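Peer 1: Sequence:
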Amino acid sequence: MKILYTLILSVFLLVSCKNQKKADLIIFNANIYTVNDSSPKAEAIAIKDGKFVAVGTTTELMTKYTAENNLDAEGKTLLPGLIDAHCHFFGLGLSEQSVKLEGTKSFDEVVQRIVDFQKEKNVNYITGRGWDQNDWEVKEFPTKEKLDELFPDTPVAIARIDGHALLVNQAAIDLAGVTTASPFSGGDILQKDGKLTGIFIDNPMDLIYAKIPSESLNEAIQALKDAEKICLAHGLTTVNDAGLSREAIELIDSLQQVGELKIRVYAMASAYPENLDYYLKRGIYKTDRLNVRSFKVYGDGALGSRGAAMREPYNDKPEHFGALVNTPENLKEIAKRIADSDFQMNTHAIGDSANHYLLETYKEVLKDKKDRRWKIEHAQIISPEDFNAFKNIIPSIQPTHATSDMYWAKDRIGAERMKGAYAYKDLLKQYGKVVLGTDFPVEKVSPMLTFYAAVARKDLNNFPENGFQMENALSREETLKGMTIWAAYSNFEENEKGSIEIGKMADFIILDQNIMEIPIENVPKTKVVHNYINGEILN
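In this text, residue positions in the sequence shown follow the numbering used here: the first is 144, and each later residue adds one.
None of these hints come from the bench; they were simulated from the model.
These numbers come from a predicted model, not from an experiment.
Every residue gets a Cβ at the ideal spot worked out from N, C-alpha and C, and that includes glycine.
Some hints here could point you the wrong way.
Derived CB-CB ranges, DEER-like [claimed, not checked]:
| # | residue 1 | residue 2 | range |
| --- | --- | --- | --- |
| 1 | K429 | D511 | 47 to 53 angstroms |
| 2 | E528 | Q400 | 53 to 59 angstroms |
| 3 | Q334 | P662 | 38 to 44 angstroms |
| 4 | G193 | M561 | 24 to 30 angstroms |
| 5 | P461 | S484 | 38 to 44 angstroms |
| 6 | D511 | Q261 | 53 to 59 angstroms |
| 7 | Q261 | E528 | 25 to 31 angstroms |
| 8 | D296 | P471 | 40 to 46 angstroms |
| 9 | K429 | A558 | 44 to 50 angstroms |
Full structure from sequences and hints, please.
Peer 2: Following this line, the structure appears as structure tokens:
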């Protein structure tokens, strides 16, 4: 086949190109999924000035176009560039500079990783993220005694995998000035026998974070570049960063403007008062690679740390309901301010109570406002009567959360509430679209794992054998759309990206396997051969 296409190309190059249009790049002999419903498959693309100028068969394009650069894809699969609709891009980069605690199987392993890290780095304040007590034999929050013993003078603050719980040692507590009498709201500071255990949940974590030294400018730049390298290797061309400071947004913009950062970023500004004041006054800011038109708001905490706000008590902790991390009054006031602007509101909601309140609030403040595309981020546990509220609200979901939580979620909330949990197909039926992300570094970056979790609803060990709540699995076509055109739609960018169509940005990837047809268990092993943004090869 390769020889045949080489001969075809040679013949076309010998023909007079007087009537041929010039392109910068032609890729032919490809298995292209365009995600364009009117023309879903193609063999070749031509690119000029960073955009698709032709999509069709190899013969058609070679007849009409000529280019200095031609690539024989050798039958490999080509897809639109993948979009992670909910992640923490800057946070991923910063996490590369701290202790990595993902995959630890005991608290002893957590401690050993911290010890090893400090021997190598010898930092003045140890930070890290990734532990999950639900993966340990003893599925309870750890306490600080061992960290106090090993690091009596060096503050330690290590976040749970979801970022909604923090374990700190006494040195960190003393630096923050926290005592058993310190006031707090929107979370918890755990005590035992009248003493602090070292666990801070949700809002009170800010007491600790306020005293952690900020990264330097050089460290921030390196974090963004590290994150970009990881994302490009996994086939991402756009990332929706769910919660950024103004300083981080402006740094991303400056790096993109000088060509030091190529990946596209849909920035959700953290809905702090200063960010709301600044961006609502300034208005939407958009370049070819940066789009600042939304705010990230927090409704509640996470299920794994029992911070998700529930309408009834947790099954495994009677009389505990979780909590909203913003007061209802504050959430409604933020929603009203954003509703009176052109900005989008994207709110973290895990528990059924948080989802219910946010959906009601959205309905009230939006009223007859059209095409606002507001999102509920996670939409994890939904009451039966609340599903129809998603007819006008976009569900932004992360399939790997389902396969990470499936081992213990039923113990947390019981069988009845599980019927409305991780209900991706049910949400799709309501809005007609779902947008998919990972929430990395809470989960792994790989969109191939997102694809696998959405379709197979299993872990990498083929558990459970018949899939987890398979009535809510997505098809491969739905999953691909959720990672491309539907995600672009949720960003108000469907006319410029998300599918391979003439006039759209030439963001696309080439894979070593056809994820639309191979056995689903092989999808996680699929590799990205090349990643193009604006027609420029970046990986």
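Peer 1: At the C-beta level, are P461 and S484 separated by a distance inside 38 to 44 angstroms?
Peer 2: 43 angstroms Cβ-Cβ, so the 38 to 44 angstroms window holds.
Peer 1: If you check the beta carbons of Q261 and E528, does the distance land in 25 to 31 angstroms?
Peer 2: Once the Cβ atoms are compared, 51 angstroms apart, the range 25 to 31 angstroms for E528 and Q261 is violated.
Peer 1: Honestly, do D296 and P471 meet the 40 to 46 angstroms range at C-beta?
Peer 2: holds (42 angstroms)
Peer 1: Would you say the C-beta atoms of K429 and D511 sit inside 47 to 53 angstroms of each other?
Peer 2: Because 26 angstroms falls outside the window, the suggested range is violated.
Peer 1: So does E528 sit 53 to 59 angstroms from Q400, Cβ to Cβ?
Peer 2: Violated, at about 48 angstroms.
Peer 1: With respect to the beta-carbon atoms only, verify the hint that K429 and A558 lie 44 to 50 angstroms apart.
Peer 2: Between K429 and A558, where Cβ atoms are some 46 angstroms apart, the hint holds.
Peer 1: Range first: 38 to 44 angstroms. Now tell me if the beta carbons of Q334 and P662 are that far apart.
Peer 2: Roughly 51 angstroms apart at Cβ, these two residues miss the hinted range, so it is violated.
Peer 1: Can you let me know if the beta-carbon spacing of G193 and M561 is within 24 to 30 angstroms?
Peer 2: violated (46 angstroms)
Peer 1: Given the range 53 to 59 angstroms, decide if the beta-carbon distance of D511 to Q261 lies inside it.
Peer 2: This hint holds: roughly 57 angstroms between Cβ atoms.
When each numbered hint is compared with the structure, violations occur for hints 1, 2, 3, 4, 7.
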